[in-house]
Amino acid sequence: MSLSLSSAPSQRPSSRGLAIAVAGLLVASIGVQVVRDRGWQPYVPATPVLWFQSGNFLKRASLGFESLVADVYWIRAVVYYGSMRRVVDSQRDFTLLDPLLTFVTTLDPKFRVAYRFGAIFLTEAYPDGPGRPDLAIALLQRGIAANPAAWEYFHDIGFVYYWWLQDYKAAAGWFAKGAQLPDAPEWLQPLAATTLAQGGDRQSSRQLWRQLGDSDIEWLKSTAKHRLTQLDAMDMVDELNRAVQRFTLREGRAPRDFPEVIARERLRGWPLDSTGVPFEYDAATNRLDVGPKSALWPLPWPREPGRTTP
Amino acid sequence: MSAAIETEGLTKDFSVGFWRPRPYRALDHLTLDVAAGEVFGFLGPNGAGKSTTLKLLMQLLYPTSGEARILGRPAGDAAVRQRVGFLAENPYYYDHLTAEELLAYFARVFGFRGTDVGTRVARVLDEVGIGKERRLRLRRFSKGMTQRVGLAQALLNNPEVLFLDEPMSGLDPLGRRHVRDLILGLRAKGCTVFFSSHILSDAETLCSRVGVLVQGKLVASGPLSEILAFELKGWELVVGCGPQLHAELATFARTVTPLSDGHVLLHLAPDAEPDRVVGELTRRGAHIVSINPVRETLEDYFVQVVGATAGRDTRGAGA
Amino acid sequence: MRTIWIIAGAAFKESVRDRVPYTMVVFAVLMMAASYLISELTAGQDLKIIKDLGLAAMSVFGLVIAVFIGIGLVSKEVERKSVFGLLTKPVTRAQFILGKYLGLVTTLAVNLSVMTVAYYGVLFYMNGVATEAMRAGWPVPATDPRLLVAVVLIMGELAVVTAIALMFSTFSSPLLSAMLTLGLWVSGHFNSDLRQFEQVVDQPAVAWIARGLYYVLPNLAPFNVKAEVVYGMPVSASHVGFTLLYALIYIAALLVAAVAIFRRRDFK
Numbered sequence: 001m002s003l004s005l006s007s008a009p010s011q012r013p014s015s016r017g018l019a020i021a022v023a024g025l026l027v028a029s030i031g032v033q034v035v036r037d038r039g040w041q042p043y044v045p046a047t048p049v050l051w052f053q054s055g056n057f058l059k060r061a062s063l064g065f066e067s068l069v070a071d072v073y074w075i076r077a078v079v080y081y082g083s084m085r086r087v088v089d090s091q092r093d094f095t096l097l098d099p100l101l102t103f104v105t106t107l108d109p110k111f112r113v114a115y116r117f118g119a120i121f122l123t124e125a126y127p128d129g130p131g132r133p134d135l136a137i138a139l140l141q142r143g144i145a146a147n148p149a150a151w152e153y154f155h156d157i158g159f160v161y162y163w164w165l166q167d168y169k170a171a172a173g174w175f176a177k178g179a180q181l182p183d184a185p186e187w188l189q190p191l192a193a194t195t196l197a198q199g200g201d202r203q204s205s206r207q208l209w210r211q212l213g214d215s216d217i218e219w220l221k222s223t224a225k226h227r228l229t230q231l232d233a234m235d236m237v238d239e240l241n242r243a244v245q246r247f248t249l250r251e252g253r254a255p256r257d258f259p260e261v262i263a264r265e266r267l268r269g270w271p272l273d274s275t276g277v278p279f280e281y282d283a284a285t286n287r288l289d290v291g292p293k294s295a296l297w298p299l300p301w302p303r304e305p306g307r308t309t310p
Numbered sequence: 311m312s313a314a315i316e317t318e319g320l321t322k323d324f325s326v327g328f329w330r331p332r333p334y335r336a337l338d339h340l341t342l343d344v345a346a347g348e349v350f351g352f353l354g355p356n357g358a359g360k361s362t363t364l365k366l367l368m369q370l371l372y373p374t375s376g377e378a379r380i381l382g383r384p385a386g387d388a389a390v391r392q393r394v395g396f397l398a399e400n401p402y403y404y405d406h407l408t409a410e411e412l413l414a415y416f417a418r419v420f421g422f423r424g425t426d427v428g429t430r431v432a433r434v435l436d437e438v439g440i441g442k443e444r445r446l447r448l449r450r451f452s453k454g455m456t457q458r459v460g461l462a463q464a465l466l467n468n469p470e471v472l473f474l475d476e477p478m479s480g481l482d483p484l485g486r487r488h489v490r491d492l493i494l495g496l497r498a499k500g501c502t503v504f505f506s507s508h509i510l511s512d513a514e515t516l517c518s519r520v521g522v523l524v525q526g527k528l529v530a531s532g533p534l535s536e537i538l539a540f541e542l543k544g545w546e547l548v549v550g551c552g553p554q555l556h557a558e559l560a561t562f563a564r565t566v567t568p569l570s571d572g573h574v575l576l577h578l579a580p581d582a583e584p585d586r587v588v589g590e591l592t593r594r595g596a597h598i599v600s601i602n603p604v605r606e607t608l609e610d611y612f613v614q615v616v617g618a619t620a621g622r623d624t625r626g627a628g629a
Numbered sequence: 630m631r632t633i634w635i636i637a638g639a640a641f642k643e644s645v646r647d648r649v650p651y652t653m654v655v656f657a658v659l660m661m662a663a664s665y666l667i668s669e670l671t672a673g674q675d676l677k678i679i680k681d682l683g684l685a686a687m688s689v690f691g692l693v694i695a696v697f698i699g700i701g702l703v704s705k706e707v708e709r710k711s712v713f714g715l716l717t718k719p720v721t722r723a724q725f726i727l728g729k730y731l732g733l734v735t736t737l738a739v740n741l742s743v744m745t746v747a748y749y750g751v752l753f754y755m756n757g758v759a760t761e762a763m764r765a766g767w768p769v770p771a772t773d774p775r776l777l778v779a780v781v782l783i784m785g786e787l788a789v790v791t792a793i794a795l796m797f798s799t800f801s802s803p804l805l806s807a808m809l810t811l812g813l814w815v816s817g818h819f820n821s822d823l824r825q826f827e828q829v830v831d832q833p834a835v836a837w838i839a840r841g842l843y844y845v846l847p848n849l850a851p852f853n854v855k856a857e858v859v860y861g862m863p864v865s866a867s868h869v870g871f872t873l874l875y876a877l878i879y880i881a882a883l884l885v886a887a888v889a890i891f892r893r894r895d896f897k
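Protein sequence lines, in the order shown, are assigned to chains A, B and C.
Under the numbering used here, the first residue of the first sequence carries the number 1, and numbering increases by one thereafter.
Under the numbering used here, the first residue of the second sequence carries the number 311, and numbering increases by one thereafter.
Under the numbering used here, the first residue of the third sequence carries the number 630, and numbering increases by one thereafter.
One or more hints might be untrue.
Stated by the list, open to error - Derived list of chain A stretches under chain C, where covered just means 3 residues or more per stretch with a C-beta under 8 Å from a C-beta of chain C: (1) 12-18; (2) 282-293.
As the list claims (entries may be wrong) - Far from chain C, by Cβ distances over 10 Å, these chain B residues were calculated: (3) E316; (4) M368; (5) S479; (6) R490; (7) Q525; (8) V529; (9) G552; (10) E609.
I should point out that these hints are in silico values taken from the structure, not numbers from a laboratory.
Cβ coordinates follow ideal geometry from the N, Cα and C atoms, glycine included.
Using the sequences and the accompanying hints, generate a full structural model.
Printed below as a string of structure tokens:
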């Protein structure tokens, strides 16, 4: 490149030198960014302020690119949720999650994943999530309003009632409504029946989670697997607690510690859960539970067959 | 003395077509040179490649192969353009500026500073004949006026070499006379002028040498006197006479053509002695209006050469 | 060097005549009208809104000028063939590009300066009409000099956008250049999402691509410190310094690319 004027040949100049210069400058710019980013994070104000109070305004402002903007906000919602879970417990604040999900679904009312995952995020109990099943149900109901034939949303609302609110009658009702839709799978109707009859039953819980685990979304699959493992652990815990009860009946007193039970009931060594962590015995309540260090801790309820309260 | 302008094997191919681009050869191995102080006429029909040549010389285009040099420097040398002027065909300049502002801008680019800018701009505008219009925005200028502004900006730096692409286009006869006189004045000052045109009468008056470009190839170049055979082709006589003489006129001339104003145009053979014919006619009571020798014009030459080239090409294509 | 400044001066004058100053007038009027209207509403929050509005308007107006003049800087001249005028003078193609760039950047700088003066004028006014109690309630003073930091970074961002527009202008039509430049501006602001993306995504290949794009595409989010200065949060000098350095290097890369492209072109 010549800023000076003389001795340029009359052939077309080669760009190789300049191309190398451009590459070099880009590399330098990357270097500067790396150094700078060590000390900088995008600033999130303490009281988060959303510029758009209304999803509808944002929709109009998107000028035809609604689904793209919906994608961007969906990514933000996922990142927001994920990064909040990495933050120190006391500072976790999920207040923006519901507004973000509202934006996404207002912009793209057919955004299936946003409804389903959004509902899951919203129901996760604090500190893993905001613990707001009511918002999740509201979100899913909006999904139904926009997609009346989507059986999945009915199923998901039923699930929220079942798992988080333990309202088995309502859950069964939603499963039944979903079962009547044209595309509904065959197992939904029997599920409604089972839930009504034996709400809180581990079998129907297993069934629900197995269905969710069939999805091809990795996150959902691994969550379902985790829950199923927990349910298995709960079975084991129940059995071990029955052993404790037998001991108490026979000896007339509660065991002082668990090795006593192992010896008397002739168990095969200290019981481990499926992750290899030993169960723990609480002498105060005379009950066994999964060890706090285990990946399965804490176990979800219901803990016993037939129990309708934790 | 080294040439002011030289090209050697200068070739330019363009890719034509979007899906399967084929090369189109706009200029085919042009080799010519122009000595300092010459006025060189670069002639040819439309689309022959004249503008392409000029743009290659100013490095607005890059050659596919070959070389071009101006005042001994390669055509790409921006410094040599300090001594060169260029007028494009149908030029367009920033139309939000006035003529004065445009020229002042270019003058500063040439290196004029301070009050020299204003002085030089005024001089050049006077030279090309732009008066009080110089304060008007260029968007208000007619085609002829814009052409003059173009000439003005080409002369700002007192160039040693001047490139003009169709300098007469868009000018009325008065304007063309003006430009012609300007070029003659530049020739007198020793400036080398290279101009392209498809109007041949301009070349006849101005040029010491010409080159003829047809379909990208230089088919002839040299002094006009060599190219045109200056042999006589005949004489033209315009006479006025009474009707009784009309019948006899045929004995003197090859053709007799009555003109609209009552006079008669006679074509004489080259070997006819005009003095004798004039004497004869005058004796019989006719009066002579004018007498002119007929030589081969550049146009005749042109038609002949272009026709030959086209003929050669079609023959080649058919073979 | 002198030639570059001559060309820059011409580009500046051209944009001035292109009705650019009207945007400054519109801005000033907008600011004053907004401050009057908003001061009729609740006290306390209005200062923050005025500050936000002013900075946002500067950003948007500046962006509009940068894009819509930038895209035509070169392509307009080539299309109308007025480029022959300069390129047949003792001017190299590199000088042409750099001159045009400097001219437009100067226009933006002047524009932004005038808008900043109007902005502070309004803030002074608000400071003047506020009661002592209100002033005590503001977390940050009305005429906070730290707002200038945001303005400086806005200028940096606009300089980058101008270089992008200019680079596209060297080879593509104004319409395409506008879309590409605006597209890169939008992606430049969502760039920070790309960076956080990799923290949440499982597959390393996707994370790597996201990271690569984050670094190579123009990263405009760090220029946006409006939220910080309005809330009175500190913006470290090193952040400003590194960001401006990044702007300088990235602009240099874009201009070198523009010159490389422009140099190789044939002008029929």
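Problem - Check on R490(B) being off the interface with chain C, judged by Cβ distance over 10 Å - result: Its Cβ never comes within 10 Å of chain C, the nearest being 23 Å, so this holds.
Exercise for the section: Would you assess whether Q525(B), listed as outside the interface, keeps its beta-carbon beyond 10 Å of every beta-carbon in chain C? Expected result: holds, 18 Å
Practice task
Verify that the Cβ of S479(B) lies farther than 10 Å from every Cβ atom of chain C, and report whether the claim holds or is violated.
Solution key: At about 15 Å from chain C, S479(B) clears the 10 Å cut-off, so the statement holds.
Practice task
Tell me if chain C covers the segment 12-18 of chain A under the three-residue, 8 Å CB rule, please?
Solution key: Coverage by chain C holds for the segment 12-18 of chain A (4 residues, Cβ < 8 Å).
Handout entry: Cβ separation check - E609(B) to all of chain C, threshold 10 Å
Key = holds, 29 Å
Practice task
Find the nearest Cβ of chain C to the Cβ of M368(B) and say whether that gap is larger than 10 Å.
Solution key: violated, 5 Å
Exercise for the section: With 10 Å as the threshold, tell me whether V529(B) passes as away from chain C on beta-carbon distances. Expected result: holds, 24 Å
Problem - chain C versus G552(B) - minimum CB to CB distance exceeding 10 Å, so not interface - result: Label holds. Min Cβ-Cβ 61 Å, cutoff 10 Å.
Exercise for the section: Against chain C, does E316(B) hold up as non-interface, every C-beta pair farther apart than 10 Å? Expected result: Given a closest Cβ separation of 19 Å, the condition holds.
Exercise for the section: Check, residue by residue, whether the segment 282-293 of chain A contains three or more positions whose beta-carbon lies closer than 8 Å to a beta-carbon of chain C, and give the verdict. Expected result: As far as the segment 282-293 of chain A goes, the hint is violated, because 0 residues have Cβ atoms under 8 Å from chain C.
Checked against the numbered hints given earlier, the structure breaks hints 2, 4 and satisfies all the rest.
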